[in-house]
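Protein chains: 6
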Amino acid sequence: MSSEIKSRVRCDIDLDAPGRQAGYLRAPLSRNTSGWGTVEIPIVSVKNGSGPRILFTGGVHGDEYEGQIAISRLARTLDPATVQGQVIMIPAVNMPAVMNDTRLSPVDNRDMNRCFPGNPRGTFSEMLAHFIDAIVLPHVDVSIDLHTCGHSGDAALSTNMHYVSDKAMREKTMAAAAAFGAPYNVVFWGVDEGATLTSAVERRGILSLGTELGGWGRVNVEGVRIADRGLQNIMRHFGLIVGEPETRQKDGAAATRHMMVRDQAGYSFAPSGGLFEPRNVVGDDCRAGAKL
Amino acid sequence: MSSEIKSRVRCDIDLDAPGRQAGYLRAPLSRNTSGWGTVEIPIVSVKNGSGPRILFTGGVHGDEYEGQIAISRLARTLDPATVQGQVIMIPAVNMPAVMNDTRLSPVDNRDMNRCFPGNPRGTFSEMLAHFIDAIVLPHVDVSIDLHTCGHSGDAALSTNMHYVSDKAMREKTMAAAAAFGAPYNVVFWGVDEGATLTSAVERRGILSLGTELGGWGRVNVEGVRIADRGLQNIMRHFGLIVGEPETRQKDGAAATRHMMVRDQAGYSFAPSGGLFEPRNVVGDDCRAGAKL
Amino acid sequence: MSSEIKSRVRCDIDLDAPGRQAGYLRAPLSRNTSGWGTVEIPIVSVKNGSGPRILFTGGVHGDEYEGQIAISRLARTLDPATVQGQVIMIPAVNMPAVMNDTRLSPVDNRDMNRCFPGNPRGTFSEMLAHFIDAIVLPHVDVSIDLHTCGHSGDAALSTNMHYVSDKAMREKTMAAAAAFGAPYNVVFWGVDEGATLTSAVERRGILSLGTELGGWGRVNVEGVRIADRGLQNIMRHFGLIVGEPETRQKDGAAATRHMMVRDQAGYSFAPSGGLFEPRNVVGDDCRAGAKL
Amino acid sequence: MSSEIKSRVRCDIDLDAPGRQAGYLRAPLSRNTSGWGTVEIPIVSVKNGSGPRILFTGGVHGDEYEGQIAISRLARTLDPATVQGQVIMIPAVNMPAVMNDTRLSPVDNRDMNRCFPGNPRGTFSEMLAHFIDAIVLPHVDVSIDLHTCGHSGDAALSTNMHYVSDKAMREKTMAAAAAFGAPYNVVFWGVDEGATLTSAVERRGILSLGTELGGWGRVNVEGVRIADRGLQNIMRHFGLIVGEPETRQKDGAAATRHMMVRDQAGYSFAPSGGLFEPRNVVGDDCRAGAKL
Amino acid sequence: MSSEIKSRVRCDIDLDAPGRQAGYLRAPLSRNTSGWGTVEIPIVSVKNGSGPRILFTGGVHGDEYEGQIAISRLARTLDPATVQGQVIMIPAVNMPAVMNDTRLSPVDNRDMNRCFPGNPRGTFSEMLAHFIDAIVLPHVDVSIDLHTCGHSGDAALSTNMHYVSDKAMREKTMAAAAAFGAPYNVVFWGVDEGATLTSAVERRGILSLGTELGGWGRVNVEGVRIADRGLQNIMRHFGLIVGEPETRQKDGAAATRHMMVRDQAGYSFAPSGGLFEPRNVVGDDCRAGAKL
Amino acid sequence: MSSEIKSRVRCDIDLDAPGRQAGYLRAPLSRNTSGWGTVEIPIVSVKNGSGPRILFTGGVHGDEYEGQIAISRLARTLDPATVQGQVIMIPAVNMPAVMNDTRLSPVDNRDMNRCFPGNPRGTFSEMLAHFIDAIVLPHVDVSIDLHTCGHSGDAALSTNMHYVSDKAMREKTMAAAAAFGAPYNVVFWGVDEGATLTSAVERRGILSLGTELGGWGRVNVEGVRIADRGLQNIMRHFGLIVGEPETRQKDGAAATRHMMVRDQAGYSFAPSGGLFEPRNVVGDDCRAGAKL
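Chains as they are written, first to last, in the numbering used here: chain A, 459 to 750; chain B, 459 to 750; chain C, 459 to 750; chain D, 459 to 750; chain E, 459 to 750; chain F, 459 to 750.
This is chain A alone, in the form it adopts within the complex:
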């Protein structure tokens, strides 16, 4: 029995077909008020000629808006005639969380990005994670998953990636990050990994790049601009559309600044409960021992 058969999620469109395909993933959700109800998750594929296959995902967490906006815009406008290769776009993967404006899915109170590789018979988030991993990922060569900090906090506008052990893949990923063109690119050893989409992508040998393009539960206007440009840049970088990536930064820098989180010392924990008063904002220079 193939893995596609085993998923309870049904995909309206043919991921192998050329041209523009727009439809829904239909995920069954038995509720008290709708026993045979489904959740519809928009998916758009734009395919033409030959070339790499790229997956753009947004809304894995429901309260992270910049990716949803940029991928939706691209999905409405990308012309197959201009493309060599394939772009699969799922702007709002975790639709119940998106409709609820929360990080976690209100269906099962799970963080979908801690549910990979998922389970076709598990909870709704696990079922969805399984579909992305087992059905969608085999169709792609590159995965760009757009995140922000949601309601948890803020981040400097950045791409991010794991320090993967395969040097060639690491360098290809850093090149892709440089092409995306966010102000920063953060390279780190995984924290609480294994159950994330990133880990699922890496396990399949696919190039994986993430982002943090805002936070605080707001739409970051500059984050949306970076996302819009980054999607175009990625398509240029991999040769799907013509042109060179545009990576000049607002502060005049010519390129993305790569930074590294080398160990646990990169993270600080509050020593007790209370109301935390920060002294800095994202992007400030800090030194160990200084008041935050």
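It is possible that part of the hints are untrue.
Since copy identity is lost for identical chains, a pair holds within one copy or between any two.
Claimed, not checked - Calculated pairs, BS3-like style, for lysine-lysine (alpha carbon to alpha carbon, straight line, at most 30 Å):
#1 LYS464 to LYS625
#2 LYS708 to LYS630
#3 LYS464 to LYS630
#4 LYS464 to LYS708
Simulated from the structure, these hints should not be mistaken for lab results.
Given chain A's structure and the hints, the job is docking chains B, C, D, E and F onto it.
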């Protein structure tokens, strides 16, 4: 270790004993207010002589009443002396959902009929599904699972069955459906299947028949009548009690009308959110393209 | 200070203006995610020439659909040129309950129809009730409030009215009920009254008519037909539009059957908890002492 | 019976005593787990010699941090010997909301700032509002209530005030706003007013000034700086401590910019549901008709 | 309009009739699943000849069992022929809380014993409090309200009373407490009073006695024995039944020990959050300053 | 891949290091308000020289206090210089339940003591159970898990153990129970076992002893005394510290009384719903058939 040992659910009665056995399934449920509490689920077995073993289940969804009523009535009244074979009756399988008057179990917010084959160490609904599949099903030859549409909608009064690939089993099931004697019998390819009781029954090579005998969260008076008669008809059809099935319909038809759902076109989805205004009720003739 | 000033609800349209006015009631609702948010409740006024002023309300309970459908349809289509007088239409009064598909408002867990005459500084339902009572009712001569039984049960398709002590008003109301043309009209002494919209209307000396046009949480297709026709009939009866009310019944009867609930004996209570098995449906003849 | 007697909230400290008094407001809260429990709300009074009496309040909404931080810092450090007059500081008025990090109180799901003038026998928020209005306000001449936009949105760093009809009071309030020294001061006709602390203060003829010093559920570092300085400036302006207000702005401007919201056109509503993509941030120049 | 008319609660029995009357208070509760539902609260009156009228109430808080048990037992067994006067028994006043096993009502999240004198148009608990105050209390001369500490804590088995200012009433109440015969009787100035049943009783000049007969969410076996005996003792003391109160204590003492809470020093608050480790149990001798 | 790597829980301290190590288990918990948040669970290891390794755990259920208090006290005071062997102390294993004062974890509504052997990718409780089983247990020879009855009921102060089939282990466990020195030691066949910590410990061939040292959601003062003494006694019994166990009982008995639950007849179930009135307290002599 046998599968019976592994279940945490304890069955009060001996399913192999002759005569009338009435007791409880005792399912442990650790709660904040009762750490070693159990949930008691009535089970009645009536066994005599030799003959097929039939399982009648109701209340797999808590807000589906017709089966609960008809099976409870039968369980209170069936005289072993009149029976050749065995009838096992569980009128309210999913007792927490029944007490809560909801489709889903309030314990784990799961649809028990999406939890098969279950897991003896999983959530409450998974544990219960495992018990039914691993402990009860090995004792039966025929499974009749009585459902309605609950609060989700309405259905024409009907039995239903999968278009199982084994032709002999398919014909035996259609014959059982005809004997049950509902106005309609619906044959369909499974939707969101695999995790249902029906699928679990079929995996064990047992004859499986379901029903839709009402809906809208009401007790359908005619649905109860069909259920009462259907249980008697099934026992007659399989030779457990004497007599011929009585299948004359209210509208004068002599027999059940078999209908088939051949593909996805049998289902319609609303193209957008809002308040849906139907133009038909169950049983009306509709044509593709006509306003519903 | 006038009562209009004291309400926190703002009305977009001028209730005294001629022609078609369509807009929103804007009711402030401070939430954790939107401190200065408002709830928008559609309101349409159609006014021309001279004649009575009629208020059509639906959705006082969120899960009662027939009135919402019929009043919305009328609000989209009624041409001022055909009208003498004024029709004010609020198809979904209790918008938070309508969006939640529940009888009670999810904002304050209150039944809005137990909150009259309301309180401009109280909970959301109380604030809304106050607006309807203090701001809207002074603009109308006749109030037709469309209800069904929601998820609580079912009713024969009917209008209903209190046995008001003023004989002239009682006879005018019965005449309006007869004009509405539902199969039944129920006259009763109030139960749990005083806090309902009906009571608020009566306190102001305005003619008040209610309906029960369905139930069980479904859209009653015949109930919608009766509602559509009833709204037209009421406008004809009061001379707002030309024509005679059409009151012929489906069963061939020429007119509405008036029935009376004279005392508490008209209501039965279950003597204990459990699963209630009814033996009749709405409209059946029952006798005292017979099994229900 | 005096109004002080009628409140169920007990104040630990003597608001008329000189020197530094630090204690709690003890508000009774009967819970399922603590029938005679109380909620403790810190209050600090610093009084010396003669001079105006000022009330600094924060945390009327639980997720607005800048005022809580600045007032707590002042409460820990203000030396009575340096003061002429009285400063009463309640940095976290709505303690249940503060502990819950939400705008609304989790006790009664109410916005305390829509509960004034309150009710000593009402819900918890109403009881607390009554205490502030009836017991605390009679002790003060000036009320400075520090707010932000919480999780609802963002605001330019600003003070705000109503366009009160008494011209002398309006000018005194504008002068106080200028002394506070936020980048902006917003003057507006009240929206959804009457039930706010501001309205309660105005009804008593007390000078009332509010702020918006951040938002998005974050601590605005610059907002805290403006708050710290603003509290000092207000004390200087009213002569409680020596010195001149320091009002130079970060952008070089010498003083606060006063702006006015003249009518409803100052507010825009989304015409439909969906994901809103903004094009501007707070402080940007916008024109009517331009895309936001 | 009389106050009886204004209550929405209907009383099945005639409180003025002689003999044994047993029925229900029927309190309307509009729910999402039952729009015209009622809550039934058992009430029993036993009346004969002339003599004082006593009210025994239990279950004002749902998780206080001893009074519910003792009053229910008395209500089932008290023979009118043995009585001179009237005993009105409501063993489970706050039925929604009793069914939910919580102090607060799950309907409105209110402590009914903080809702007096209530409001016939308010929330469910307020409506119920109003009924007790306005309809029941005018029928009684003595009110004995049985409480325990519920899930909040524990108490020495005791009656309690306010130090009412009317000396004659105070002495009559102390005599009644002595007759009840609990190990302790606690006299105190009210804490968080005014909204309790006790206060409502006192406002009407009726003798009021309360109890604390257990706690910790358990049934205190000795507390039930004291309650059973106390109800008999009270009826003897007031001459409703023949015989002398039996007040000998288990520890050999001949009578109840009266204790007094003179001021706030009788209560201690935890100085910070955490897990509290007590060193004593109820009834231990403690001294100010000693470790608890 | 080793099992330690697979856990998402990080342990701050080196379990193999000598001396006193105090730190936290850091368990990741993605929440709507803190995507990369962790839960900190205190762990203390005291190790010196050679000797058995003992694990003391408390707070597996959040509302069981006696073990939390006794183990916390020991963790703050135990001097490595006095020890031969190792004591690992986790006084509040299930920190989310401890902070919530409930048996079940509020994160996933699971009883952690029904989640063993756990799952590193499962829900929070399953992840935590896996860490204890797979990472901590391999470091210990003896496991003492301190429980009470929480809010579910009460128990005589006791240790308890399974009637394990290995006679040598059973006798070693009974000797350890006798050394612990509670008034009772209960030996029983497992009920609802397999998923408990006890079962996980036994599966690894480690000596397992449990306790019931209180209940009713209170801190049992005598239970804390028994717990304090029991921990010391266990360390003496296994030679970690010098001295003989002190097992004299309060009632003068020299030693623990061993009791046995031989079969299901040791448990009684209520035959119907209602308010249960007990006639005995823990420790009373009861006979089959007598009223409880």
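Hint numbers the structure violates, sorted upward?
Violated hint (a single one): 4; every other hint is consistent with the structure.
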